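Asks: Chains A and B supply the protein sequences, listed in that same order. Note that the numbering used here has the first sequence beginning at 4, numbered continuously upward. Note that the numbering used here has the second sequence beginning at 4, numbered continuously upward.
Careful: at least some of the hints might be erroneous.
Since the list can't tell identical chains apart, any single copy or any two copies may satisfy a pair.
Said to hold, decoys possible - In silico lysine to any residue, SDA-like type, Cα no more than 20 Å apart, as pairs: (1) Lys-32 x Ser-46; (2) Lys-210 x Asp-165; (3) Lys-32 x Gly-100; (4) Lys-8 x Met-74; (5) Lys-102 x Met-74; (6) Lys-43 x Lys-169; (7) Lys-5 x Gly-290; (8) Lys-169 x Ile-44; (9) Lys-43 x Asp-165; (10) Lys-254 x Gly-398.
In short, the hints are calculated from the structure, not lab data. Bear in mind that the values here come from a model prediction, so they are computed numbers and not experimental data.
Number of protein chains: 2
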Amino acid sequence: MKLVKNAIGRLVPTEVNGEKQIPFQGVNKYKPEGFKHAPKIPSNVDYPLNGDKRVANLKEALIKAGLRDGMTISTHHHFRNGDLIANQIFDIAKELGVKNLRWFPSASFPCHEHLIQYLEDGTINRIEGSMNGALGRFCSEGKMKGTAILRSHGGRYQAVQDGEVKIDIAVIGAACADSFGNANGLYGQSASGLLGFALADSQYADKVIVVTDNMVEFPCVPWQIQGNYVDFTVEMDKVGIPEKIISGTTKITKSPDRLLLAEMTAKFCDVTGIIRDGFSFQTGAGGTSLSVSMYFAEVMRERGIKARFARGGSNKYLVQMLEEGLIDYILDGQTFDLEGVRSMAENNNHVWTSPFTSYNFHSKGNFAGMVDVVILGATEVDVNFNANVVTHSDGLLLHGIGGWQNCLYSKTVILPLPLFRDRIPVIRDEVTTVCGPGELIDVIVTERGIAINPKRTDLIEKAKNSGLPIKTIQELKDEAEEICGKPEKIEFSDEIVALIKWVDGTVIDAVRKVK
Amino acid sequence: MKLVKNAIGRLVPTEVNGEKQIPFQGVNKYKPEGFKHAPKIPSNVDYPLNGDKRVANLKEALIKAGLRDGMTISTHHHFRNGDLIANQIFDIAKELGVKNLRWFPSASFPCHEHLIQYLEDGTINRIEGSMNGALGRFCSEGKMKGTAILRSHGGRYQAVQDGEVKIDIAVIGAACADSFGNANGLYGQSASGLLGFALADSQYADKVIVVTDNMVEFPCVPWQIQGNYVDFTVEMDKVGIPEKIISGTTKITKSPDRLLLAEMTAKFCDVTGIIRDGFSFQTGAGGTSLSVSMYFAEVMRERGIKARFARGGSNKYLVQMLEEGLIDYILDGQTFDLEGVRSMAENNNHVWTSPFTSYNFHSKGNFAGMVDVVILGATEVDVNFNANVVTHSDGLLLHGIGGWQNCLYSKTVILPLPLFRDRIPVIRDEVTTVCGPGELIDVIVTERGIAINPKRTDLIEKAKNSGLPIKTIQELKDEAEEICGKPEKIEFSDEIVALIKWVDGTVIDAVRKVK
């Protein structure tokens with residue numbers, strides 16, 4: 004395996020899984036040549052004129068779709084830890100004796116631990132997508148036959164659009180669908196809100212199967228997935244476990260440490276003028292982020308101002324803000340609770356978006372750059388503001404990238420982080436894995452001080468006399484190390500188990516097998 | 004020019020405008036090989052990070068888009084006869100000395116007569132799209148430099164998708180847009196309802212310009228056109244003349260002849276069981292069609308049944324039916340009046356569709372085949388049920404195809420037609436131009452009798468004892484000729500001025516220059 008040092012100083016391979024890789028060339032440095040992936044031209048002649056594409060079951064659909072060795076099978080993660088589809092697909096593949104598949108989920112969850120047996124026996128060659136929990140550990144330990152590739156939500160759309168990943172069969176689970184294949188995530192026992200993570204799959208896959216437990220008469224409206232892209236539809240009893248799809252209760256943190264981080268973050272946004280009439284923000288569904296939104300809401304109420312839009316992941320707090328008139332629009336990528344689903348179904352100002360509209364870097368612009376401030380998490384940050392979101396400081400690959408990399412293009416990126424976790428400092432000389440280049444990360448908020456990227460002289464100036472504890476990132480690192488000691492270096496083997504792609508499809512880092 | 008006889012017996016050229024043509028091979032006989040058109044991969048690097056793609060004016064946008072000799076420029080016809088964009092584009096082209104353009108509108112209207120000067124002076128080489136009125140006459144007289152090509156709405160999507168027509172610059176006029184290029188036709192002085200006819204253009208054109216007289220702050224919701232496909236946005240005072248965009252008052256016919264046709268059509272649908280609970284229909288905005296809908300509504304009210312969906316062109320009568328609960332959904336391709344626009348903006352069951360969802364024959368099915376009955380017009384029908392919708396019996400090319408060909412795939416196709424117009428019989432031995440193969444046309448309703456296609460033995464059986472005047476098409480033709488005399492044959496020159504494409508991109512007929 005030939006390694007080269009990429010633009011951010013990481014040694015990355017120029018080829019994995021028999022496919023050429025382009026090393027990261029710097030932010031905004033790489034420009035694609037060539038053309039979007041061109042699917043075969045289908046013809047209505049090959050589809051039932053009455054629009055009814057139902058087949059008896061998933062197995063029949065997979066057989067009709069031509070499932071065979073070496074194919075790429077995609078799924079989406081709107082059902083999260085309640086997904087019942089992906090495991091079935093590979094049970095069927097195993098039964099049919101199909102080998103060497105590439106699984107290309109938009110994300111995987113603990114419920115997919117079931118698939119480890121198929122990674123072991125060669126049914127699945129590798130996963131390209133996030134691997135939370137047991138699958139991540141399996142990969143980190145070098146047990147996966149192929150090399151994993153992790154992409155952001157936008158990077159996944161980009162990879163499919165650009166033909167980097169050619170999907171042979173996409174299986175799209177939907178809370179609601181018609182026999183033609185029009186589908187949405189809004190209605191039914193497995194409601195998940197939207198299906199945007201399956202959009203690229205529907206548009207570019209060779210064969211598309213829609214699976215639902217709520218088959219309605221044509222037309223299924225709205226059609227978040229368009230039946231015109233769909234080959235087969237399948238009705239089954241249950242596509243997901245409702246209580247695991249949606250938490251039902253998204254909760255604001257009660258941890259005093261996290262509340263402090265949230266308050267400092269909100270205050271920072273306030274003193275620097277980020278919170279203003281017509282501003283926009285994206286937080287997340289984590290406790291700290293939610294709390295930041297709540298602080299934003301308080302400020303907006305006090306001042307009588309409102310936000311033009313908030314980007315989701317939506318949840319009941321964001322919905323309340325929309326309904327209270329504090330936000331004109333929620334531009335939502337996924338709903339995290341049932342209130343989000345309800346609002347999206349009822350309120351035209353709660354808009355479903357997709358990785359294409361929001362995050363695709365190989366389009367004529369996307370929404371990320373229009374967001375005034377995003378509040379994100381990270382497992383580690385280094386003194387150059389480079390951040391890690393996939394591996395822990397013990398080297399284990401336990402998280403996906405999600406929309407994290409894509410959001411770095413927002414006008415101001417703030418990472419509220421505890422200074423240490425389990426007595427391990429979060430600010431390091433070097434992060435274990437670089438997921439985001441420091442030049443795109445503006446502010447680190449910790450309980451012991453706020454570090455502003457020296458590039459953001461405007462923010463430094465504005466925060467100067469705010470009374471907020473502004474420090475350099477080196478100071479924060481030193482403080483953490485004074486308390487916890489200098490963290491030991493983890494030992495890795497040379498073997499590369501996963502690549503981390505940047506939003507433009509280049510390789511920003513590689514993850515090595517833990518010893 | 005080499006001519007071959009196609010599967011429906013018409014002599015068509017194998018090449019026009021330097022491009023190879025495939026002769027019509029029969030209904031459902033031709034299957035495309037190859038891949039969809041693959042646009043260049045763009046990169047966010049080349050677009051403003053804040054999403055603001057505004058340029059000063061249309062001229063600047065066209066220059067930035069690289070307007071030059073021989074390009075293909077597309078526009079849409081949602082502004083109908085009130086369009087102010089297309090003429091400006093070619094005024095600018097003329098000013099810049101650009102020559103030999105292909106204009107690729109989704110349809111042209113009398114307001115575009117202004118462009119004849121540019122067809123004469125070589126600014127425009129040819130029009131590929133419908134040519135109503137003066138432009139049609141100009142073409143029929145052999146005055147256009149290139150050969151016109153007419154496509155159905157679905158055929159236009161197909162041609163763009165398949166790369167048959169590569170659009171260099173698409174100019175999309177929108178009633179409402181943001182600076183990023185998200186756009187809809189719902190709000191503003193130039194509201195036209197939707198923008199579906201520009202969908203293919205936005206997805207596949209090399210450069211896309213959105214022009215609006217109602218620039219709103221991001222996000223413009225809903226985004227019927229996605230800004231992620233857009234290169235430049237332009238604000239101007241007026242993109243259309245409202246009273247010419249939308250009639251404001253769609254009117255039911257008061258003509259006793261047409262009312263009779265409508266009544267006979269509705270009665271036919273009733274006795275043959277087409278009107279049933281959960282059925283679906285598509286009429287049009289013409290007087291006769293509107294009246295058919297009204298009869299349908301009466302029957303549904305009487306029986307206490309409803310339609311699952313109606314396909315638009317929508318109008319106030321269809322909206323009333325939706326609001327009365329006689330229809331579950333309107334699946335709309337274009338709104339013909341302001342009530343249609345209002346309903347689409349307010350009512351989520353009034354759904355905007357596109358030529359992709361409804362009509363594209365080179366997709367994995369479309370909506371047309373799911374419609375129980377469509378009521379269409381025609382200029383002529385022949386004894387084999389082949390029909391013409393583009394030329395008059397005097398040979399002049401005066402109409403476009405619209406969605407007409409696409410609708411022929413519906414379960415039952417009925418053409419209510421007067422037996423003669425201006426003492427010229429409508430039923431002929433041979434139509435002047437074949438637009439639709441007779442095997443897809445089921446019923447001809449005239450004031451003197453109803454002819455059922457012999458292929459539809461089911462309908463013949465059901466109509467048998469209905470009291471309706473069922474006749475053969477030959478009988479109807481004979482009756483007309485008894486009254487009006489046998490029509491004289493028109494003389495054409497050999498010169499081909501236009502091709503008529505079938506829904507699969509093959510050439511079903513050619514239109515010759517009138518003598």
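Asks: Is the C-alpha distance from Lys-8 to Met-74 at most 20 Å within one copy, between copies, in both cases, or in neither?
Replies: Neither: 31 Å inside a copy, 44 Å across copies.
Asks: Up to 20 Å between alpha-carbons, please classify Lys-32 paired with Ser-46: within, between, both or neither.
Replies: For Lys-32 and Ser-46, only the inter-copy Cα distance (10 Å) is at most 20 Å; the intra-copy one is 40 Å.
Asks: Is it within a copy, between copies, both, or neither that the alpha carbon of Lys-102 lies no farther than 20 Å from that of Met-74?
Replies: The answer is within: 9 Å in one copy meets 20 Å, while 49 Å across copies does not.
Asks: Pop the pair Lys-32 and Gly-100 into one bin, within, between, both or neither, using alpha-carbon distances up to 20 Å.
Replies: Neither, since 44 Å and 37 Å both go past 20 Å.
Asks: At most 20 Å between C-alpha atoms: does Lys-5 with Gly-290 qualify within a copy, between copies, both, or neither?
Replies: neither (42 Å within a copy, 72 Å between copies)
Asks: How would you label the pair Lys-210, Asp-165 (within, between, both, or neither) given a Cα cut-off of 20 Å?
Replies: both (17 Å within a copy, 18 Å between copies)
Asks: One pair to classify: Lys-254 and Gly-398, alpha carbons no more than 20 Å apart. Within, between, both, or neither?
Replies: neither (29 Å within a copy, 72 Å between copies)
Asks: Taking 20 Å as the upper bound on the Cα-Cα distance, should Lys-43 and Lys-169 be classified as within, between, both, or neither?
Replies: both (12 Å within a copy, 17 Å between copies)
Asks: Evaluate Lys-43 and Asp-165 at a C-alpha cut-off of 20 Å and name the case that applies: within, between, both or neither.
Replies: both (15 Å within a copy, 9 Å between copies)
Asks: From the Cα coordinates, with 20 Å as the cut-off, is the pair Lys-169 and Ile-44 best called within, between, both, or neither?
Replies: So Lys-169 and Ile-44 pass the 20 Å test inside a copy (15 Å) and across (16 Å) alike.
In this structure, the earlier hints numbered 3, 4, 7 and 10 are contradicted, and the remaining ones agree with it.
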